[in-house]
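> The chain contents come next:
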Amino acid sequence: MDDEKKPTVWESAQARGVSRRDFIRACTWMTASLGLASSSTAQVVKALETKPRLPVVWFHFQECTCCSESFIRSSHPLVTEIVMDKISLDYTETLQAAAGKQAEEALHRTMRKYKGEYLMLVEGAVPLADDGVYCCIGGRSALDIVQEAGRDAKALIAWGSCASNGCIQAAHPNPTGATPVHKIVTGKPVINVPGCPPIAEVMTGTVVHLLAFDRVPQLDGLGRPKAFYSRRVHDTCYRRPNYDAGLFVNSFDDENARRGYCLYQMGCRGPVTYNACGVMRWNNGVSYPIQSGHGCIGCSEAKFWDNGPFYRHLASFPGFGIETTADKVGAVAAVATAAGIAAHAITTNIRKRKIIKEGIETSEDMGGSAASKGGE
Amino acid sequence: MAKRIVIDPITRIEGHLRLEVEVQGGKVTDAYSSGTMVRGFEIILKGRDPRDAWAFCERACGVCTTVHALASVRTVEDALDIVVPPNAELIRNLMFCAQYMQDHVVHFYHLHALDWVDVVSALKADPAKTSEIARSISRWPKSSPNYFADVQKRLASFVQSGQLGIFANAYWGHPAFKLPPEVNLLGTAHYLEALEWQKEMVKVHTIFGGKNPHPNYLVGGVPCPINIDDSNALNSERLSYVKSILDEGKTFVEQVYIPDLMAIASFYKDWGAVGGGLSNYLAYGDLPMNGIRDPGKFKFPRGVILDRDLSKVHEVDGKNPQQIQEFIAHSWYEYAGGDAAGKHPWDGETKFNFTGPKPPYDQLSVEGKYSWLKTPRWNGKPMEVGPLARLLVAYAGGREDVKEVVDGALKKLNVPVTALFSTLGRTAARGLETLLIARWAQEFYASLIANIKNGDSRTHNGEKWDPAAWPREARGVGLSEAPRGALAHWIVIKDGKIDNYQLVVPSTWNASPRDGAGQRSSYEAALLGTPVADPEQPLEILRTIHSFDPCIACAVHVYDEKGRSVARFTTF
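First to last, the sequence lines map onto chains E and P. For the first sequence, the positions run 0 to 375 when numbering that gives the first Met the number 0 is used. For the second sequence, the positions run 0 to 571 when numbering that gives the first Met the number 0 is used.
Don't read these hints as lab results, they were simulated from the structure. All values reported here derive from a predicted model rather than from experimental measurement. The beta carbon of each residue, even a glycine, is placed where N, CA and C say it ideally should be. Don't take each hint at face value.
To be verified - Here are the simulated DSS-like pairs of lysine-lysine, each with C-alpha atoms no more than 30 angstroms apart in a straight line:
(1) E:K100 <-> P:K26
(2) E:K114 <-> P:K357
(3) P:K496 <-> E:K100
(4) E:K100 <-> P:K177
(5) E:K187 <-> P:K357
(6) E:K182 <-> P:K357
(7) E:K112 <-> P:K152
(8) P:K123 <-> E:K100
(9) E:K100 <-> P:K357
(10) P:K496 <-> E:K302
Claimed, not checked - Only some residues are given here: those of chain P computed to face chain E with a beta carbon under 7 angstroms:
(11) I42
(12) L194
(13) E195
(14) K198
(15) I206
(16) G209
(17) N211
(18) N215
(19) L527
Said to hold, decoys possible - Not everything, but these chain P residues come out facing chain E in the computed CB check (under 7 angstroms):
(20) T10
(21) L122
(22) I165
(23) G208
(24) K210
(25) G528
Same shape as in the complex, but just chain E (with noise of 0.2 angstroms):
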């Protein structure tokens, strides 16, 4: 078993009755989710004619298995077909069918095989304080583990906010000393991808990039794939001309929360948070936190759950300007597009302003969604 060669994407889509048109738009889906020009398509196609299913192995830390659940709700492309045809998941406690013995076997079968080409994927933190009994597997610390299979590892994707920054078990005062896992291993590419958990397509357009490309995506300062965390959520929000014509909600469920404006002084961290939860939404494009009515909690930012509460907005911190604060909490230099709340809403988008609420205002009687798109 161990010598046959393995099959190609293209080979495996075929075996299963994928015709070649099919294999080609699903390589165009592909080439769109990942943010690429339509041009490159063609690389793409011949990336998946010619790879071998990549080995895969994905440990779990200290976390809550959100991540896997965000994986396993991508659309594009499916987790069936990731699963299948594209890795080959050999070590995975949420779905592999082997337990204990069996299932550390397979793991370290594929560490030993495919030596310095296996991707290693980590959900979850690893805790450092006393010698790491927080959290062991197999009767080994995650530490240990971490460093055994990161020595070999071709690349890390370290999933989510966990595995990235340290997430919830790492804000203060951090009991068990959780840490990144980019802190543990050097000297290998370490792919994070941050969130509470990642957008589902984002996490498996990350993967398609390795695969595709045969290449790390670019990463910004703080490793994260530019293709998704290079925009605050702030800048690609649809409530954010509300925000421009300084249009707020100021409780729950108030007039102005049912016109959905904007949630800035409800807490929303939009204006520090890198992600792509404004331009691909979530769940294959059917909604975002903001547009759900609440706030940007700043998941994917480092110490978000100590950058907080979160219903007390961001100007009410000492020495908080919204716009600054955006600069000095994003590690990506942001362009700052505006002054401040009060004297650009005042000055520079009064017209917007007057636009939006008329327009509002006008148009009760045939329902408010025509007038809301008026002040775009």
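Dock chain P against the given chain E, drawing on the hints supplied.
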């Protein structure tokens, strides 16, 4: 001499669970269940804004996402005496229903089915016969011979690739597998279908809560406003979207999950006499129809059943300091007053006392402390919680809709009611309650629409949003039912901040180590007598353990900034 088997990691669960099992004469003679990961939630919660607690607690588990958020907002609302608007209660119920439908289906197909379905055997199936079987048990349209032939072909190319991925090195061909190849193919096809389906079900959360996993909740109601005349709130499009998902979900449960469950169960009826374990069952109840303060009008009633006596349901009170207590005789903690005492969560204390071996280790010293989980008891008695407990409490309470579904299944399988007290009974109960929930969701949806039609579009009660409106000190408890069983949070608020926050979660009831009196909790009790054909291939043990749907990440404990434990917080 008994042989000690160690299974670590237990896979196809949430979290980190280790089992050490004694086997003699082909049967389990003793078992020890250990949670091997801790995070430190409760110290992190101390001093924070109670209105933020739901977001922290929700991260206790991403598989049963939503459930800790719901328990948390209820706890804070109980402490602050906040009543949420009816629409908020209905939306919470709809999110609850969507969670159960998605979670139970994923458990059945992706976490549990591979204990019963031999995927490799499916390669030998005749797809035409599989089609015949599929059509005989369900009207689900994807049932043609070609469909099953395609699935088989896909599976064959996967196996032939030599890269077996998630199916590698498993127990294929084990003598405990009893399904004919054709049913194995059916199960494998629906494994793949369910994996694609589940992502649709959770869109109910995305619409109401903005994302899944971990949608948003809100103390005082729900964050999503209703405005049927605006595009930025719940309007006819958003609500119709919810309805479509609920309808399609119900169809999947009725036409795929339940027929598969019954078909597979019919080959494993002997498992109706294995894995019974404890005789006591606890349910807090949930799905309020008249607000959280009227448990008599919950879809899932509240109560305790003792000694499998279905003629009496005992009352449960989360605030009674004598009823629910946690013990630590075999948990890595110590109590100031001695390890024998039990502590009600409001008065609990936690002091870390790790006595386990330094990793790497081969075996735990089970005579002493051996788990990060504490051991909860109700009036000193161990309790099983979960779908079976919920259905038994409802059944014993004479709920007609529950009785109808349960009796119908028993009749169809031609097994007595005592078969419920088993591994199979637990797995069946999970499916049957999913069917009930899929139907109840339709009622909740209709009520929501009726409310809106009658002019009520409130989704939030903001009267006590401002901490200035809170008493200086307040205590609350939030009782709920997670997919895996009875879930409760306790809070103490002082000066607008969290002074103490504690959670006792379903898997703590079920997966905990034994207590000081030697009474086993659910997992350890249920494993006794489980047959083990080959100790090297512990398939049967996985069946019984997976029938509980383990979810261990909630096992979170408390230390202060110097790494010492903090005495005043208890854990799950």
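> With reference to the structure, classify each hint as holding or not holding.
Hints, verified against the model:
1. E:K100 <-> P:K26: Holds, at roughly 19 angstroms.
2. E:K114 <-> P:K357: holds (29 angstroms)
3. P:K496 <-> E:K100: violated (46 angstroms)
4. E:K100 <-> P:K177: Roughly 24 angstroms separates the two Cα atoms, so the pair holds.
5. E:K187 <-> P:K357: Status holds; Cα separation ~29 angstroms.
6. E:K182 <-> P:K357: holds (23 angstroms)
7. E:K112 <-> P:K152: OK: E:K112 and P:K152 at ~27 angstroms, within 30 angstroms.
8. P:K123 <-> E:K100: Answer holds: P:K123 to E:K100 is near 28 angstroms, not above 30 angstroms.
9. E:K100 <-> P:K357: Roughly 20 angstroms separates the two Cα atoms, so the pair holds.
10. P:K496 <-> E:K302: Holds, at about 20 angstroms.
11. I42: holds (6 angstroms)
12. L194: Given a least distance of 5 angstroms, the restraint on P:L194 holds.
13. E195: Since chain E brings a Cβ to about 6 angstroms from P:E195, closer than 7 angstroms, the hint holds.
14. K198: holds (4 angstroms)
15. I206: holds (6 angstroms)
16. G209: Since the shortest Cβ distance to chain E is 3 angstroms, the answer is holds.
17. N211: holds (6 angstroms)
18. N215: With a closest approach of 4 angstroms, the P:N215 hint holds.
19. L527: violated (19 angstroms)
20. T10: Since the shortest Cβ distance to chain E is 4 angstroms, the answer is holds.
21. L122: violated (13 angstroms)
22. I165: holds (5 angstroms)
23. G208: Because about 6 angstroms separates P:G208 from the closest Cβ in chain E, which is inside the 7 angstroms limit, the hint holds.
24. K210: Constraint on P:K210 satisfied, holds at 4 angstroms.
25. G528: Constraint on P:G528 not satisfied, violated at 20 angstroms.
Checked against the numbered hints above, the structure violates hints 3, 19, 21, 25; every other hint is satisfied.
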